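Chemist: Here is what each chain is made of, one letter per residue.
There are 2 protein chains.
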Amino acid sequence: MLLGRQTWLFNQKPKIISTGTVGGPIESEGKLADDFDLLHKDLFMKQPSFEQAEQQLIEDACKIAIQKQKMRFEDVNFFLSGDLVNQMTPTNFAARNNKIPFLGISNACATSTGALALASYFVDTNGADFVLTGTGSHHGAVEKQFRYPTDYGAQKPPTSQWTVTGAGVGLVSKIGTGPEITSATIGKVVDLNQSDPLNMGAAMAPAAVDTISTHLAERAVDVNYYDLIVTGDLGEIGNSIALEMLQDQGIQINENKFKDCGLMLYKSNQEVFAGGSGAGCSAVVTYGHLWKKMNNKQLNKILIVATGALLSPLSASQNQSIPTIAHAVSIENGGV
Amino acid sequence: MLLGRQTWLFNQKPKIISTGTVGGPIESEGKLADDFDLLHKDLFMKQPSFEQAEQQLIEDACKIAIQKQKMRFEDVNFFLSGDLVNQMTPTNFAARNNKIPFLGISNACATSTGALALASYFVDTNGADFVLTGTGSHHGAVEKQFRYPTDYGAQKPPTSQWTVTGAGVGLVSKIGTGPEITSATIGKVVDLNQSDPLNMGAAMAPAAVDTISTHLAERAVDVNYYDLIVTGDLGEIGNSIALEMLQDQGIQINENKFKDCGLMLYKSNQEVFAGGSGAGCSAVVTYGHLWKKMNNKQLNKILIVATGALLSPLSASQNQSIPTIAHAVSIENGGV
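Line order of the protein sequences matches chains A and B.
Under the numbering used here, think of the first position of the first sequence as 1, with each following residue one higher.
Under the numbering used here, think of the first position of the second sequence as 1001, with each following residue one higher.
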């Protein structure tokens, strides 16, 4: 059901019935290591390239989510997924191997919630029985493509973020048990003329704020309706900007109830600059840590707001500012 | 309504109520020039780069589609779109300017029908009143990114295709008149181990065949149900391979009823090798030429099957084969 312009309410109880999460070596040493299904010690994961390692991450996350339910890929109607590598080849090649009818979703690091919103929409409206959805990213692949090969040892400012090596996938269905996806808000592109590609958190904060405030207004709930609002990968700087912007708009959220996946994933002594980022960041935290907390009833109503910076190395070199976007998905125990 | 594993039947009469199509200089001299709303004589379109020219194409197509209905962008719920440039910046920047809640769709040149399927699904299930959807491509931007800068004058084999400079957009709604979108089949990735990036038609033909045969089986209609089946951009070689493969499977389609957007767009004396291609190819033909023919009742039941090659320059240089995909959408006068 459409609420307002851009929010869907899901009445038919689509649930995340299974998940798969895979991480890399830095994630193995992080704060949420226990919440991963599979952790790799080596960044190459026995593959010949970082891009193929990323494909492996996505494939393994898919396999784990399906195997937990004792299902087969043939039982799944659609695979909705995307990543940050040019032309999304890791996802495309993973889709080649799982052979599930596939729609590629591309909203940078906001892809995880955009794709989860779609998956929930299809299941809610009987357009699918089972949808597999998720995202991945790989530190080496992303650094090589967007910045410099890591071997150069280029220095970074403290505003920059650390791309997560990991993939997180969820299986959405009405059949089975799990926390329910109750609503979603599709964001619009926001661009406040930030142009520093080494400070994406600041660029993305206004998109997160726009989507959160739209979501609360269209769903007609107070910010305290949720136990927790979790942004995708704003990092330290973006998180504090977003908190201030929300409070300026009269949305009085307690900072303990406003977290960021990029800040939850690593320990304070890990050298990840302003925090984690990448399309896999919100996916591994959502489908790993948060999904477990929802299943344990430690959390009961959460809003996940993955954020994406829609720039490219070319748009940055052509001196353009950074358009950003955020999509919100609410997950609740007990439904709407 | 879900039919089989991967086909949706639309019962609530979502329609393409308006379209906008924009083309470049080569398209101005083509066979379908009269079917464009706007044609540019210059490849730069007064922009400083090819990528920004592509953004302009998409923006203009959106504006035209909306203005024909005397609407505003604020009236539209969602914008579903994508393109071939890394990180889809032309589409992302167009979405920044139209400010419509945005989901980026990325299935290479199959994006046009993938996004139209989604748009129709949302309207059919009351998840949106108005959805704007379409794709664009730009010859200069794509050559520069995927092959060589055009200034080099690199030679190409006759199996290669010519990337269309153009954008096509449709406005989907139940409110208003226009041909109805009656069903859609989301394709799965097919890879028969082709690896020549200068012969994409041959690589994509099996994906088109897989989606067409699945569509006919799941919708339970004979191939002759349709007046015309139009593939996205298989070109001459892919078109003849697909025809033969369909006939081998016992799907007896007359070759006059099996066309390809890449072969419809240009005149035979234009030097476009095996035909047109690019994400804009199927979009300009669908939302221009075919939409007019449907409105005039010269055609009444068509199936559009846009095809995409999911490779990247990197995956090709890493010696990987070309995964491909196709999504089918049926458009009919008089509904289901």
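Don't take each hint at face value.
Stated by the list, open to error - Some but not every residue of chain A turned toward chain B, in silico, with C-beta under 8 Å: (1) G127; (2) Y152; (3) N295.
Unchecked claim - Okay, the calculated beta carbon distance ranges per label pair: (4) A/Y225 x B/Y1225: 48 to 56 Å; (5) B/S1028 x A/K41: 51 to 59 Å; (6) A/D75 x B/G1153: 48 to 56 Å; (7) A/L9 x B/K1013: 37 to 45 Å; (8) B/K1013 x A/Q318: 40 to 48 Å; (9) A/K99 x B/Q1252: 47 to 55 Å.
Simulated from the structure, these hints should not be mistaken for laboratory data.
Since we're looking at a predicted model, the values are computed, not measured.
A virtual CB, placed ideally from N, CA and C, is assigned to each residue, including glycine.
Chemist: Give a verdict on every hint.
Modeler: Here is how each hint holds up against the structure:
1. Interface hint at A/G127: satisfied, since its Cβ lies 5 Å from the closest Cβ of chain B, which is below the 8 Å cut-off.
2. The restraint placing A/Y152 at the interface with chain B is violated, with a minimum CB-CB distance near 18 Å, outside the 8 Å limit.
3. With a least beta-carbon distance of about 28 Å to chain B, the hint placing A/N295 at the interface is violated under the 8 Å criterion.
4. Our hint of 48 to 56 Å for A/Y225 and B/Y1225 holds, since their Cβ atoms are close to 49 Å apart.
5. Distance hint for B/S1028 and A/K41: a CB-CB separation of about 58 Å, consistent with the stated range 51 to 59 Å.
6. Hint check: A/D75 to B/G1153, Cβ distance near 52 Å, so the stated range 48 to 56 Å holds.
7. Judged by the Cβ atoms, the range 37 to 45 Å given for A/L9 and B/K1013 is violated: they are separated by roughly 23 Å.
8. Between B/K1013 and A/Q318 the beta carbon distance is about 43 Å. The supplied range of 40 to 48 Å therefore holds.
9. The beta-carbon spacing between A/K99 and B/Q1252, approximately 27 Å, falls outside the hinted interval of 47 to 55 Å.
Going down the numbered hints, you'll see the structure goes against 2, 3, 7, 9, while the others check out.
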